[in-house]
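Asker: One-letter residues, chain by chain:
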Amino acid sequence: MRPGAALHANGEARMEFIATQLVNGVAYGVLLFLMSAGLSLIFGLMNVVNIAHGSFFMLGAFAALSIERWTGSFWLALLLSWIPAVAIGIVMERVFIRKLYGRGHLDQVLLTFGFTFVFVDLVRWIFGADIRELALPDSLTGVIEMGGIIVPRYRLFLIAFGGVVALLLWLFLERSRVGAMVRAGVDDAFTATGIGINVPVLFAAVFALGVGLAAVGGTVAGPILGLYPGMDIEILIPAFIVVVIGGMGSLRGAFVASLFVGLVDTFGKAYFPDFALFMIYLLMVVVLLTRPQGLFGVNRA
Amino acid sequence: MSAGARRAAGWVLLIAALALVPLSGTYVTGLAAEVLVFAIFAMSLDLLIGYTGLLSFGHAAFFGVSAYTVVILGLQFGLSGWIGVAAGILVSAVVAAAIGFFSIRVSGIPFLMLTMAFAQLLMAISIKWRSVTGGTDGLSGFQRPTLFGYSLDNRALQFYVVATGFLLVLWFLRRLIASPLGSIFIGIRENEQRMRAAGYPVQRFKLVSFTLAGALAGVGGGLYALQNAFVSSDILHWSLSGDAIIMVILGGTGTIVGPAIGAGMFLLLKNVVSSHTEYWLLWVGIIFILCVMFLPQGVWGWLRARRFGGRTP
Amino acid sequence: MAARAALRRPDTVSGDGAAPESAASQRYGVREEKPAAPASLLRTQALHKAFGSLVVTRNVSLSVNAGERHALIGPNGAGKTSLVHQIAGQLAPTSGRIFLREQDITAAVPEARAQLGIGRTFQKNNLFRGLTMRENVRLALQAKRRGWYRALRATAADRSQRAEADDILAQVRLTDDLDRPVSSLSYGEQRQLEVAVALAGKPAVLLLDEPTSGMSSAETDSMISLVHSLPAELGILLIEHDMKVVFSLAHTITVLYYGEVLASGPPAAIRDNPKVRDVYLGLGH
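Protein chains in written order, with the working numbering: chain A, 1 to 301; chain B, 1 to 313; chain C, 1 to 285.
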């Protein structure tokens, strides 16, 4: 349905249109969550701002592309694409970021900003600048009819996948010992060291987890967004908007804000195509001016 | 040689070097003019980053708004480029004050994102408002003004005008940093909480710094318009803001001359590397990373520390 | 102790303390009434601060008069620094009020309170680390003067500010090579500089947060004599753990325990107070 037509269509068509946007919005929200959860964890625990987070999204997607090309299987790609990204992430953390822990946000922002240039040109060099496609297996293509509404199977898969990941993440943080250590570290890294938590290893692990989530996000985003060297920035800015709106360091905030931003962006594009790109900027401006610390933000010293 | 004499000698050398540039042909002159325009842009950004401690990702907004003002006033109202530049500086100052007023309510990453958001919103307006701004195609056909009867279409004259602007901005920044107002900006960068505890209305000064920086970026934008006689919405893209940040860091944040040197390095790198490979971003990234890791004070900061053992701007 | 006898107390009749006879009373031979006790310089009223269920300040009312040296003591975690943060404005109380010269400043931001006459040092050195000693003090001085917006005039040309900064540094016994950056100073020197920066603002009330923390015995003695030499009309609220410092300086002592005022009064009364003894059992003295 043409965007403008939404406002004039009859009831049933409008319902269907809204339902479609709803599904798309939540699906986009899932992608944003996979990105912003990692960003928030890394910031919350390590007080590190990772501007290169979008690069890992991109690296995951292209790794999946390669794996699928070699093995012919989407599922294998999904299963394994996080590995190269996490490997690069661990090297980046140990060799570069670790040296900057004392130096404050500015230097980390700058360092990771520099890495975005390196990663994007590497991808361009290896894969070229054209938009690539990540093929879907038959089980995920096509549509399903649900309650009279036609929904693409893959979007449903994405939503379910996102829900599962969110649940696993929550279980990990709330119920496992390592998760408790992460939460303790988020609260107070200094004291955490004092009670015997191996903070450097924990940092490396959380950074790996964060960029791993981003890489998985890139993989599942592939079939919808397409793969191209600029996809890192395309997802990074909305992801940062989510983190800022949700509150830096808050996982709950990331979850709520991802859905919120995903829906606003999708419905915004549907009803105001002229201002599509900038609805979420506007949203962030409004949130920051009324509640500077974000929805669930904590005021860090 | 006393410090005063050394400084005077520095100015003389600089002016002499700039005066001789047009002798090296139109390509070098054009490149040098581009470097100087971006040097002004980078130096204005350093007032925020290096001296007040505010990392803004939307500085291109003020550069672009000024350039648009010059071109639009010229095309729509037939106003001379000189009037355009003056108006451009004023407009960029006003826009900076407006954006700054809202942005300084937050700090850190939210500030970074907010300044970027405002700049992106401006870019959206410039893309959509095709009738006035020409959208992504931009506005061409701007007539450069004349100076003492000579048209600014002459590359050498263009360069001298830009160089004069650069020298004026350099002089102004030097005086500013050494002044009470400058010391307040530096104090805010060093320890904002202590400044408050001492009685300074910090928010007000952040706004002053933001506005001044925007106005100076407007000087650069106006000169850009005079030089290129063309403007499009690309000038408002956040990647231009990112480029400026790279220039500031490469050259040396917290120094006055550093960003100018950084602008030279960046543009030189871009021109040289891109003629050999299309992957020049990779090299910029690598050099930038090395700079942040091992030369955080920038090239000029490092040179200055070695040769003068400390503080000279 | 002998030292205490030399300290001036606000309600004692002494040559400096009484108001001079007005011209009217001199002309008409009218004996003026002794002026009532001056309104307090700084006063908190039922100050209360809670972080959720954690109460760090519970119904604290205390006052500091001009010229009074008021010590605030208590075990770690008693909420002393939180109290100072609330008085100086870095922390907003949950309820209660703060008065400076009987003017309600509870809602005022830190910079406004500083302009009204509150000066403070910080428990952890909070200086301009990248700047020189002299510039640290000069910045604090400049805050109380006009000329902030002079954008083209060099500060270096202002000799009077530089001389004044040097004077203040001399007051805190810092005289050598004042162009050294703060980062090159010893810890003790930085503590002294903290006091200098606070003094440079010419406060009416000075809040000193553990000025001798981390200092050697000699440095502590030096700080004690420094505080002794501070202007007499200054009201000082002094947080301290070192009892030697407290008993050699204080006119009044307030003991804080779990955020609440346990006892308040002249040093002798505090020393003999059994509740205070209980709290400090095992902490020496």
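Read the hints as simulated data drawn from the structure, not as lab findings.
The structure presented is a predicted model; accordingly, all values stated were derived computationally and were not measured.
It is possible that some hints are incorrect.
To be verified - Below 30 angstroms or equal to it, Euclidean Cα-Cα: the simulated BS3-like pairs (lysine-lysine) are:
(1) K270/B <-> K269/A
(2) K244/C <-> K275/C
(3) K99/A <-> K270/B
Asker: Against this structure, judge whether each hint is valid.
Answerer: Hints versus structure:
Distance restraint check for K270/B and K269/A: the Cα-Cα separation of roughly 36 angstroms exceeds the 30 angstroms cut-off, and the hinted pair is therefore not satisfied. At most 30 angstroms may separate the alpha-carbon atoms for a hinted pair to count; K244/C and K275/C meet this at roughly 20 angstroms. Simply put, K99/A and K270/B have alpha-carbon atoms about 28 angstroms apart, close enough for the 30 angstroms limit, and the pair holds.
Going down the numbered hints, you'll see the structure goes against just number 1.
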